[in-house]
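Engineer: If you want the building blocks of each chain, they are given just below.
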Amino acid sequence: MNSGREVIDGRLTVEGFSVAARAFADKWKTHNQSLPPWSWVPLINRTLLLSNQEEGYLSLENILILSSLEESTEDESLNVATECSEKEEPVDHTILVQNQENEAHYYDFHIVYSASYKVPVLYFRGYCSGGQPLSLDVIKKDLPSCSVSLLLQSKWTFITQEEHPYLNRPWFKLHPCGTEDWIKLLSQSSISAGCQMPVELYLVSWFSVVGQVVGLRIPLEMLN
Amino acid sequence: MSEKETSPTILQFAPLNSSVDEGFWHSFSSLKLDKLGIDDSPIPITGFYGPCSHPQVSNHLTLLSESLPLDEQSSVASTSHGNRNKCPVPGILYNTNTLESFDKLDKQSLLKAEANKIWDDIQSGKALEDPAVLSRFLVISFADLKKWSFRYWFAFPALVLDPPASLVELKPASEYFSSEEAESVSAACNEWRNSDLTTDVPFFLVSVSSDSKASIRHLKDWEACQGDHHKLLFGFYDPCHLPNNPGWPLRNYLALIRARWSLETVWFFCYRESRGFADLNLSLVGQASVTLASGESAETVPNSVGWELNKGKRVPRSISLANSMDPTRLAVSAVDLNLKLMRWRALPSLDLNVLSSVKCLLLGAGTLGCQVARTLMGWGIRNITFVDYGKVAMSNPVRQSLYTFEDCVGGEFKAVAAVKSLKQIFPAMESSGVVMAIPMPGHPISSQEEDSVLADCKRLSELIESHDAVFLLTDTRESRWLPSLLCANANKIAINAALGFDSYMVMRHGAGPTSLSDDMQNLDMNKTNKQRLGCYFCNDVVAPQDSMTDRTLDQQCTVTRPGLAPIAGALAVELLVGVLQHPLGINAKGDNSSSSNGGNNDDSPLGILPHQIRSSVSQFSQITLLGQASNSCTACSETVISEYRERGNSFLLEAINHPTYLEDLTGLTELKKAANSFNLDWEDDDTDDEDVAVHM
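For the record, the sequence lines run as chains W and C.
Quick note: the first sequence uses the UniProt record's numbering, first residue 1, plus one each step.
Quick note: the second sequence uses the UniProt record's numbering, first residue 1, plus one each step.
If you are wondering where the hints come from, they were derived from the structure by calculation, not from laboratory data.
Keep in mind that the hints are not guaranteed to be accurate.
Unchecked claim - Quick list of in silico lysine-lysine cross-link-like pairs, PhoX-like style, CA-CA up to 25 angstroms:
#1 C:Lys86 with W:Lys29
#2 C:Lys147 with C:Lys423
#3 W:Lys118 with C:Lys340
#4 C:Lys86 with W:Lys141
#5 C:Lys213 with C:Lys359
#6 C:Lys311 with C:Lys340
#7 C:Lys146 with C:Lys104
#8 C:Lys311 with C:Lys112
#9 C:Lys340 with W:Lys141
#10 C:Lys340 with C:Lys213
#11 W:Lys140 with C:Lys340
#12 C:Lys86 with C:Lys231
#13 C:Lys146 with C:Lys420
Stated by the list, open to error - Output of the computed footprint for chain C on chain W, the stretches with three or more beta carbons under 8 angstroms from beta carbons of chain C:
#14 13 to 26
#15 197 to 206
Glycine is no exception: its CB is placed at the ideal position from the N, C-alpha and C atoms.
If we strip away everything but chain W, and leave its shape as in the complex, we get (with noise of 0.2 angstroms):
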């Protein structure tokens, strides 16, 4: 009986994902221009048996978090032997000599359908400018700290390292076991003020407590 317009149980159908992103990606981008926009990542050579709505993700990419220079011995970088001496470039005066610079960290977001939980799993992962990815220490650090504490004290969030389902790399993410139980708190709250939450509000509503987490706040006024 539901038309799938709406959220039953704190979940969604991969059809309702898919709504949902667009709607969530669009209002982002009206309300949030502090941020660059969301961007759909379509699945391909995936074997579609339903409708033709295609599978993806959304896609943030390249956010910058500057850092102080401390952080910069986060360093995955081996001994390099000796400096090579033989034929030196001649001494060009053309070419800036660059101080250190504070140490630039930039995020990937990902938000990616989960079958099995039937809900939104938000992936992450950090890296420096040169490509040398973030250990998780590291990005505690650049998480705001009242985040460090949700994540503490919260039994709903939790960080683990997992395989990205499509690039098969580990990616940090929030894991999702908490995900059904909280949405349907937040729905309940629509329910007793008489209506269901419609299916392109999940993604936002599921927005304003996951991206706290990870310091990637969304103004109110997307919540309308």
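Fit chain C to the given chain W structure using the hints.
Structural biologist: Leaving out everything else, chain C in the frame of chain W:
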């Protein structure tokens, strides 16, 4: 905001910086392993860059997984997001097969070769058609695919102008253009950036007419632009964010301008953005002064520079991706995650560290041994040693879950095959196997065998000393005697599992007798509350003897219902984990299933910690039992332990060779006589045997 007025300074360019996404190394590794092998011919690659998008951070030239020549399909469509930030630039990758050859590469020649290509493209006019070739780059690398580490070095070849260009003035574009012009330039740039056709063309002309209308044109339209403008600037996507310096791409741009159009004064426009739109405060406009080359020197390739510095030094960069690429490490972190989830979601007080560090000794690698090993792995226990003297027989693989058919055919020793199997399941296991028989009492040996049997006893004793928990999983009663004694002596956790045809018993031995404090040893054990729990032999009134000779075949080989070994083995491991999680460890009291409060409930997050579990599958019933240690135990009583400590090998030999020795030693012989005489003298009240107390 700086205006360089009358005394021009040398134009200094900010170097371009590289950024290699993890995905590039992943894709390159696959390419190398699957396709290239040892072929080290240069590989054409594509780099990506875009204009600066942040006032405090420069952009980089980036390599992504799609930088490599396309081959297989991936499940994700490539670069569906923002071509605008990924202007493709041709490059070349020289990857060597050894570190030595990496160090020996002639970097100057390689740089020169690429610079020549740029020069040729300038001379031939290709640079006008496809200006991205001005930013051609070179990478040398050494990929160590055993350690998953990558050493690399970028070069951004730049043709050196001789004499160098000088900077006449440089200022933010918003100060150079009038506000009307600025608006028009912004709009034109945004349009250029929003069109798929032009957004990844990083060099262009900005033509501003006298009525402040700006238009952006391709370089090849230069002739057409002549006379048409009030201002004509050479624009380019500038990755650099600095307010006083243009970015690296300007170098080859100036070389092009000088060679093609022989201009001595060049107005350039460093295009930079913020938040996806043209930012004329961040963007710069400058005037450079260039000395024209004359005669021959106009045709010769200029010198080139461009090797990227690593934190100011002329050394390559390197990155280790073992954590995300080494399959063993990935397996380890996945397994650890699983255990952590259990702790987070269900048992917050679970101590995972004690599990990962405990060393388990499995005596017997048969049906019970295999099952115990597998369940231990499930709990994250990594350190397992097997002791078994048998070989994998044809009937084994169906019941002994670590073995396969190949092991039988090859005649493998169980201890060896089990270790191999564990490593195949989880490569991070630390496991070893000992092919050895456990000496048994009541199986007399000849004097020639004495030395080797005593050596085995010693070996077993050392193994028990060097492990934390011992599982007694052999198929006879008597083979459990010596391990029980040694565990009691060393006060090591011993878990015992035994199978009948349709029943099983799993128990944990109590602490050894010397674990109690001295004053307690003097008290009558009956009256204290701190009694030790019993061991496998505490309930026996007979010493372990030869149970094997004169039995029928089905009594010698343990024939059991197949479901029992997995159940008993699994329970044995759960019992061990219970002990390890309990604050008192081996000294934890025994609970019964009926004990709901008091007991161990409050101490252990896992629930009760029984002493013995007995079950009959014919009834599908299971009970827990509790038994105290016996003073007359042939394995763990103080009498026996002190005798062992005092007399060592001679004690062992007597126990092995004389079937009644242990009974005599512990007084069981006396006990039996007393019990028999007790039966006979039924009416006789005159019993001197006050101390007889039968512990059942």
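Engineer: Determine for every hint whether it applies to the structure shown.
Structural biologist: Against the structure, the hints:
1. Between lysine 86 of chain C and lysine 29 of chain W the alpha-carbon distance is near 21 angstroms, which keeps this suggested pair within the 25 angstroms criterion.
2. Simply put, lysine 147 of chain C and lysine 423 of chain C have alpha-carbon atoms about 19 angstroms apart, close enough for the 25 angstroms limit, and the pair holds.
3. Between lysine 118 of chain W and lysine 340 of chain C the CA atoms are separated by roughly 22 angstroms; this keeps the pair inside 25 angstroms, and the hint holds.
4. Between lysine 86 of chain C and lysine 141 of chain W the alpha-carbon distance is near 29 angstroms, which puts this suggested pair outside the 25 angstroms criterion.
5. About 80 angstroms separates the Cα atoms of lysine 213 of chain C and lysine 359 of chain C, which puts this hinted pair outside 25 angstroms; it is violated.
6. Straight-line distance between C-alpha atoms of lysine 311 of chain C and lysine 340 of chain C comes to about 39 angstroms, which puts the hinted pair past the 25 angstroms bound.
7. About 21 angstroms separates the Cα atoms of lysine 146 of chain C and lysine 104 of chain C, which keeps this hinted pair within 25 angstroms; it holds.
8. Among the hinted pairs, lysine 311 of chain C with lysine 112 of chain C is consistent with the structure: their alpha-carbon atoms are about 24 angstroms apart, no more than 25 angstroms.
9. A hinted pair counts as satisfied when its Cα atoms are at most 25 angstroms apart, and lysine 340 of chain C with lysine 141 of chain W qualifies at roughly 22 angstroms.
10. Our distance criterion of 25 angstroms between C-alpha atoms is broken by lysine 340 of chain C and lysine 213 of chain C, whose separation comes to about 64 angstroms.
11. Proposed proximity of lysine 140 of chain W and lysine 340 of chain C is supported: the alpha carbons are some 18 angstroms apart, at most 25 angstroms.
12. With a C-alpha separation of about 29 angstroms, the suggested pair lysine 86 of chain C and lysine 231 of chain C falls outside the 25 angstroms cut-off, and the hint is violated.
13. Between lysine 146 of chain C and lysine 420 of chain C, the direct Cα distance comes to roughly 21 angstroms. Compliance with the 25 angstroms bound is thereby established for this hinted pair.
14. With 0 residues carrying a beta carbon less than 8 angstroms from a beta carbon of chain C, the region 13 to 26 of chain W misses the three-residue requirement, and the given coverage is violated.
15. Note: the region 197 to 206 of chain W has 0 residues with beta-carbon separation from chain C under 8 angstroms; the three-residue rule is not met and the coverage is violated.
Checked against the numbered hints given earlier, the structure breaks hints 4, 5, 6, 10, 12, 14 and 15 and satisfies all the rest.
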